[in-house]
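Peer 1: One-letter residues, chain by chain:
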Amino acid sequence: MTIDLRRHNTVLAGDDRYFVFLDDGRARLVPDHCPHRGGPLSLGRRTADGRRLACPWHGTRVGVAALCRTALPMVRTGDTAIAVLPGPPAGETGETGQAPVPVTVIHRHILANLPPEAGEGTTDATA
Amino acid sequence: MAIDTDIVRPGPADDLGRHVAAFTNDNLFTGVPQLLHPPNPYRRMLVPDAVAEVDFTRPLSPAEATGHRALVAHRLLGTFYEADTVLLPEQGLGALRGDFDRFYGDGLRRLREASLSDLERFAFALLDDEVDVTGAWSVEDLAAYFEHAAAEADAGEAESLTAIAAARRPEVAADTYLVQLALDGLTEASAMSKNLGGAFGPEQSALFKVFIDEFGYGVHDAKHTTIFRKMLRSRGLQTHVHAYWNFYLAGPLATNNYYYFVSRDHASFFRYIGAVTYAERVFAPSFVNMIRTYRGVFGDDVDLHYCEEHAHIDAHHGRITRDEILLALAERHGAGVIPELVRGIAEARLLGGWFEQDTAAQIRWSDDLDAHRLPGGTQTPAGTHAPAEGTRRVRVTAGSPFGTRSHDRAVVVTAEDGAAELVTAPTGPSARLARGDAVLVPAGRLYGIRPAGPDCTYSVRLAGPGTTAVTPSAS
Chain A
1 MTIDLRRHNT
11 VLAGDDRYFV
21 FLDDGRARLV
31 PDHCPHRGGP
41 LSLGRRTADG
51 RRLACPWHGT
61 RVGVAALCRT
71 ALPMVRTGDT
81 AIAVLPGPPA
91 GETGETGQAP
101 VPVTVIHRHI
111 LANLPPEAGE
121 GTTDATA
Chain B
128 MAIDTDIVRP
138 GPADDLGRHV
148 AAFTNDNLFT
158 GVPQLLHPPN
168 PYRRMLVPDA
178 VAEVDFTRPL
188 SPAEATGHRA
198 LVAHRLLGTF
208 YEADTVLLPE
218 QGLGALRGDF
228 DRFYGDGLRR
238 LREASLSDLE
248 RFAFALLDDE
258 VDVTGAWSVE
268 DLAAYFEHAA
278 AEADAGEAES
288 LTAIAAARRP
298 EVAADTYLVQ
308 LALDGLTEAS
318 AMSKNLGGAF
328 GPEQSALFKV
338 FIDEFGYGVH
348 DAKHTTIFRK
358 MLRSRGLQTH
368 VHAYWNFYLA
378 GPLATNNYYY
388 FVSRDHASFF
398 RYIGAVTYAE
408 RVFAPSFVNM
418 IRTYRGVFGD
428 DVDLHYCEEH
438 AHIDAHHGRI
448 TRDEILLALA
458 ERHGAGVIPE
468 LVRGIAEARL
478 LGGWFEQDTA
488 AQIRWSDDLD
498 AHRLPGGTQT
508 PAGTHAPAEG
518 TRRVRVTAGS
528 PFGTRSHDRA
538 VVVTAEDGAA
548 ELVTAPTGPS
558 ARLARGDAVL
568 VPAGRLYGIR
578 PAGPDCTYSV
588 RLAGPGTTAV
598 TPSAS
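Residue numbers (my numbering), protein chains in the order written: chain A, 1 to 127; chain B, 128 to 602.
Hint data in this document are derived by calculation from the structure and do not stem from the laboratory.
A portion of the hints provided could be inaccurate.
Rough simulated footprint, nothing fancy, chain B against chain A, three-plus residues with beta-carbon under 8 angstroms [claimed, not checked]:
1. 23 to 32
2. 60 to 74
3. 78 to 86
Cβ coordinates follow ideal geometry from the N, Cα and C atoms, glycine included.
Start from the sequences and build out the full structure, keeping to the hints where you can.
Peer 2: See below:
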């Protein structure tokens with residue numbers, strides 16, 4: 001699927017949500033899903049050292065490097081990205097008979113891409 | 128461009144600039160008076176004056192991919208790369224032996240070797256900004272991305288072919304496109320040949336199958352370059368390397384050079400495979416479209432055997448490169464190489480766009496030159512043109528070397544003294560500029576000036592934001 005990065009930063013694929021996470025000058029499409037209880041990581045803020053994201057639900061710290069490792073396959077060319085989503089492409093049925101899910105791209109406010117909050121604590125458990 | 132009377136040339140600011148200046152000022156690269164280069168593959172106009180304007184300490188940005196600095200860099204790179212291939216004139220070396228010795232000789236070779244990597248970085252570092260591959264990739268993901276890119280190409284229209292079909296002078300437009308293909312067509316598969324050595328298993332053998340098709344299975348009459356020359360000849364075009372050097376555009380030069388770039392450095396081998404797989408996949412349908420367009424323009428007065436051959440054999444090459452090379456390499460060498468294969472696909476897709484956009488823009492401008500003539504000739508209506516400072520005046524004679532160039536910003540070219548011919552296409556009549564006539568040259572558009580009589584002087588100045596043509600374009 002194609003994403004115009006100037007206009008969109010979030011992908012809704014069935015019940016799954018992904019957001020464009022910016023780190024180290026690169027854009028990655030990562031699950032908007034905290035591994036703790038499924039909180040919206042896109043609304044988390046970076047810790048002061050910038051190395052982790054604090055989930056807004058329970059404050060769980062998710063390592064940025066670990067989050068990047070969960071990124072979906074994506075190619076950015078200029079301002080356009082092509083991502084390969086799990087499951088069969090639209091209009092096709094998967095080998096195991098699963099139907100493709102509806103996919104939508106939208107723009108949302110992504111707090112995770114803001115600079116780290118000053119004075120933010122670092123004592124919670126990490127994911 | 129030719130005899131340059133009042134340009135203040137900045138001194139080369141770095142090693143690359145110094146090496147490039149030394150290279151381009153060699154007698155082999157200072158041009159001849161004719162528009163087309165004679166049958167001598169060692170001489171090609173590098174337009175030293177235009178090269179001298181380039182700051183080589185600042186790599187090309189994505190916005191400059193087909194601009195003046197890109198044209199300068201890719202002319203140089205193309206010359207460097209071809210100096211690593213064997214070029215011999217069809218008529219025999221004879222009197223060109225000295226040029227052969229000089230082209231391949233120690234002096235220029237040392238300059239090339241001293242600057243090639245830096246020049247590649249200057250020209251292609253922008254790809255690092257423009258293309259980024261992220262995430263965890265499987266072979267299935269690679270296949271899915273490839274099919275997406277191929278389907279996108281199948282569904283899109285070739286901008287150049289659309290421009291040809293819409294042109295007032297479609298024959299000239301079609302020749303302009305054909306000339307861009309000549310860049311690769313006259314030395315076809317030379318970059319690919321650099322990936323055949325070594326030992327990399329069944330994928331190496333599969334690549335060789337593609338290569339041997341390109342070379343006509345050792346039968347010279349079936350070699351793709353041979354049938355490409357038949358196509359040129361059927362249009363009355365010259366067939367030697369590189370008769371149309373002055374008319375190669377930055378986008379096509381960059382595309383051709385890219386395949387050398389990722390073939391020279393075998394650390395980029397997987398990028399090369401991604402790129403060549405994409406190219407072979409999209410060639411077949413694109414040549415079908417080219418056949419349709421060229422039949423529409425020329426009827427039966429053009430030999431399209433070359434296009435028909437590609438429309439057929441590249442369907443096989445698309446399958447071989449995808450199944451037996453791209454996916455096979457991914458299976459064999461694992462996830463670690465897949466992002467590089469993907470990157471090659473994405474880069475080939477991007478560069479193909481540069482080729483199309485640059486060629487289409489040149490066709491449209493060249494076809495519509497009268498609409499770019501400026502009212503009032505050399506007069507400068509208040510607020511319409513930039514101040515006169517920075518104006519450069521150039522005097523050319525009938526014996527001056529002819530070269531073409533572009534500018535990174537729109538300029539106004541004015542015939543100041545004597546009549547000039549504005550050359551923007553490899554065939555068809557040039558546009559005459561009588562004394563006082565001025566024309567707007569948009570950023571990135573290729574042009575050359577030669578005198579209509581014994582000599583002329585023309586000026587080049589930046590166009591102001593309000594500069595408007597004498598009539599609105601009808602295209």
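Peer 1: Next step is simple, just say for each hint if it's right about the structure.
Peer 2: Verification of the hints:
Requiring three or more residues with a Cβ within less than 8 angstroms of a Cβ of chain B, the coverage given for the stretch 23 to 32 of chain A holds, as 4 such residues are present. With a cut-off of 8 angstroms between beta carbons, the stretch 60 to 74 of chain A has 7 residues touching chain B; three or more are needed, and the interface restraint holds. Counting residues of the stretch 78 to 86 of chain A whose C-beta sits closer than 8 angstroms to any C-beta of chain B gives 4, which meets the bar of three, so the coverage hint holds.
Checked against the numbered hints listed earlier, the structure breaks none of them; every hint is satisfied.
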